[in-house]
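Sequences and hints are given; from them, build the entire structure.
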Amino acid sequence: MNKQYLLIYNFPALYKILNELRYVLGFEIKNLTENDLKKKNYINDLIISKDNLNMDNQLKIEKFPIEFERLLDILNISFLKRKIEEQKDIKIGTYIFNYNSRRLTKNNKSINLTEKETTIINFLRQSKKPVSVKNLQKKVWGYNINLETHTVETHVYRLRKKIDENLNDENFIQSSKLGYYINN
Numbered sequence: 001m002n003k004q005y006l007l008i009y010n011f012p013a014l015y016k017i018l019n020e021l022r023y024v025l026g027f028e029i030k031n032l033t034e035n036d037l038k039k040k041n042y043i044n045d046l047i048i049s050k051d052n053l054n055m056d057n058q059l060k061i062e063k064f065p066i067e068f069e070r071l072l073d074i075l076n077i078s079f080l081k082r083k084i085e086e087q088k089d090i091k092i093g094t095y096i097f098n099y100n101s102r103r104l105t106k107n108n109k110s111i112n113l114t115e116k117e118t119t120i121i122n123f124l125r126q127s128k129k130p131v132s133v134k135n136l137q138k139k140v141w142g143y144n145i146n147l148e149t150h151t152v153e154t155h156v157y158r159l160r161k162k163i164d165e166n167l168n169d170e171n172f173i174q175s176s177k178l179g180y181y182i183n184n
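Quick note, the sequence shown lines up with residues 1 to 184 if you use my numbering.
Hints may contain errors.
Subject to a maximum C-alpha distance of 35 Å in a straight line, what follows is the list of computed DSBU-like cross-link-like pairs (lysine-lysine) [claimed, not checked]:
#1 Lys129 <-> Lys161
#2 Lys30 <-> Lys109
#3 Lys106 <-> Lys60
#4 Lys83 <-> Lys109
#5 Lys106 <-> Lys138
#6 Lys177 <-> Lys162
#7 Lys63 <-> Lys106
#8 Lys60 <-> Lys50
#9 Lys40 <-> Lys50
#10 Lys177 <-> Lys134
#11 Lys162 <-> Lys106
#12 Lys129 <-> Lys40
#13 Lys161 <-> Lys138
#14 Lys106 <-> Lys30
#15 Lys138 <-> Lys30
#16 Lys60 <-> Lys83
#17 Lys129 <-> Lys81
#18 Lys83 <-> Lys38
#19 Lys60 <-> Lys16
#20 Lys162 <-> Lys83
#21 Lys81 <-> Lys30
#22 Lys106 <-> Lys116
#23 Lys106 <-> Lys50
#24 Lys63 <-> Lys40
#25 Lys50 <-> Lys38
#26 Lys38 <-> Lys16
#27 Lys81 <-> Lys39
#28 Lys30 <-> Lys16
#29 Lys88 <-> Lys161
#30 Lys116 <-> Lys139
#31 Lys128 <-> Lys40
#32 Lys60 <-> Lys109
#33 Lys81 <-> Lys138
#34 Lys38 <-> Lys116
#35 Lys38 <-> Lys60
#36 Lys106 <-> Lys91
#37 Lys63 <-> Lys109
Rather than coming from a laboratory, the hints here were simulated on the basis of the structure.
The following block contains the structure:
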């Protein structure tokens, strides 16, 4: 998935502490200035501040100091909630793809997907150009030198067949000389 960013606004002490620990945390940390806040929409990031910014993605810290373990729990839970929210009901053309429940829906018909099928669709969906078999091996299967290329092709073939038989669409996943892509 995409990297998760914690943006710290107008809270230098917290930024200093978390920045020193950035290598052991599971998210990136950036200091956010008032100018930054005006320039860009940070809807995909989590913002932490003492100030009320009236943003849905903000965590307002009322009391400081705060117990460090409690702060990390709050941050991790917030990141997890955001990730779950991002992964449900993703629109891909005329389809609704739910990564969490592993379902693909079109015109009130749904199919259940395996974990690997879900990962394939999600990876193809995020790519702006066709994905080669080697790249799918590396990114979806974690690249194993002993993995035969037919494994990828077989999985994609079965997934295409499943979509065609249940959702009447033989064109959802396409292939070209450059690789596989979602036709949306």
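We went through each hint and held it up to the structure:
Proposed proximity of Lys129 and Lys161 is supported: the alpha carbons are some 22 Å apart, at most 35 Å. Among the hinted pairs, Lys30 with Lys109 is inconsistent with the structure: their alpha-carbon atoms are about 43 Å apart, more than 35 Å. Taking the CA atoms of Lys106 and Lys60, the gap is near 39 Å; set against the 35 Å cutoff, the hint is violated. Taking the CA atoms of Lys83 and Lys109, the gap is near 25 Å; set against the 35 Å cutoff, the hint holds.
Our distance criterion of 35 Å between C-alpha atoms is met by Lys106 and Lys138, whose separation comes to about 29 Å. Straight-line distance between C-alpha atoms of Lys177 and Lys162 comes to about 23 Å, which keeps the hinted pair within the 35 Å bound. Between the alpha carbons of Lys63 and Lys106 the distance comes to roughly 47 Å, so the proposed pair goes past 35 Å and is violated. At roughly 5 Å between alpha-carbon atoms, Lys60 and Lys50 fall within 35 Å of each other, so this suggested pair holds.
Restraint check: the Cα-Cα separation between Lys40 and Lys50 comes to about 20 Å, which is no more than 35 Å; the hinted pair holds. Restraint check for Lys177 and Lys134: the C-alpha separation of about 13 Å stays at or below 35 Å, so the hint holds. For the suggested pair Lys162 and Lys106, the alpha carbons sit about 13 Å apart, so the restraint of at most 35 Å is met. Pair hint Lys129 plus Lys40 holds up; C-alpha atoms about 26 Å apart against a cutoff of 35 Å.
Taking the CA atoms of Lys161 and Lys138, the gap is about 23 Å. The hint holds against a cut of 35 Å. In summary, the hint linking Lys106 to Lys30 is not supported, as the alpha carbons are separated by about 39 Å, beyond the 35 Å threshold. Proximity of Lys138 to Lys30 is assessed by CA-CA distance (about 30 Å); at most 35 Å being required, the pair is judged to hold. A hinted pair counts as satisfied when its Cα atoms are at most 35 Å apart, and Lys60 with Lys83 qualifies at roughly 19 Å.
At most 35 Å may separate the alpha-carbon atoms for a hinted pair to count; Lys129 and Lys81 meet this at roughly 29 Å. For a cut-off of 35 Å, the pair hint linking Lys83 to Lys38 stands: about 25 Å separates their Cα positions. For a cut-off of 35 Å, the pair hint linking Lys60 to Lys16 stands: about 17 Å separates their Cα positions. Under the criterion of a C-alpha separation no larger than 35 Å, the hint pairing Lys162 with Lys83 is consistent with the structure, at around 27 Å.
Of the pairs offered as hints, the one joining Lys81 and Lys30 holds, with about 20 Å between alpha carbons and a cut-off of 35 Å not exceeded. Pair hint Lys106 plus Lys116 holds up; C-alpha atoms about 20 Å apart against a cutoff of 35 Å. Of the pairs offered as hints, the one joining Lys106 and Lys50 is violated, with about 44 Å between alpha carbons and a cut-off of 35 Å exceeded. Note on Lys63 and Lys40: the hinted pairing holds, with a Cα-Cα distance of about 28 Å set against a maximum of 35 Å.
Our distance criterion of 35 Å between C-alpha atoms is met by Lys50 and Lys38, whose separation comes to about 18 Å. Taking the CA atoms of Lys38 and Lys16, the gap is near 23 Å; set against the 35 Å cutoff, the hint holds. At most 35 Å may separate the alpha-carbon atoms for a hinted pair to count; Lys81 and Lys39 meet this at roughly 26 Å. Among the hinted pairs, Lys30 with Lys16 is consistent with the structure: their alpha-carbon atoms are about 10 Å apart, no more than 35 Å.
Taking the CA atoms of Lys88 and Lys161, the gap is near 24 Å; set against the 35 Å cutoff, the hint holds. Proposed proximity of Lys116 and Lys139 is supported: the alpha carbons are some 11 Å apart, at most 35 Å. A threshold of 35 Å between alpha carbons decides the hint, and for Lys128 with Lys40 the separation of about 23 Å falls inside it, so the pair holds. Proposed proximity of Lys60 and Lys109 is contradicted: the alpha carbons are some 41 Å apart, above 35 Å.
Taking the CA atoms of Lys81 and Lys138, the gap is about 28 Å. The hint holds against a cut of 35 Å. Our distance criterion of 35 Å between C-alpha atoms is broken by Lys38 and Lys116, whose separation comes to about 41 Å. Of the supplied pair hints, the one linking Lys38 and Lys60 holds, its CA atoms being roughly 19 Å apart against a limit of 35 Å. Between Lys106 and Lys91 the alpha-carbon distance is near 10 Å, which keeps this suggested pair within the 35 Å criterion.
Between Lys63 and Lys109, the direct Cα distance comes to roughly 49 Å. Violation of the 35 Å bound is thereby established for this hinted pair.
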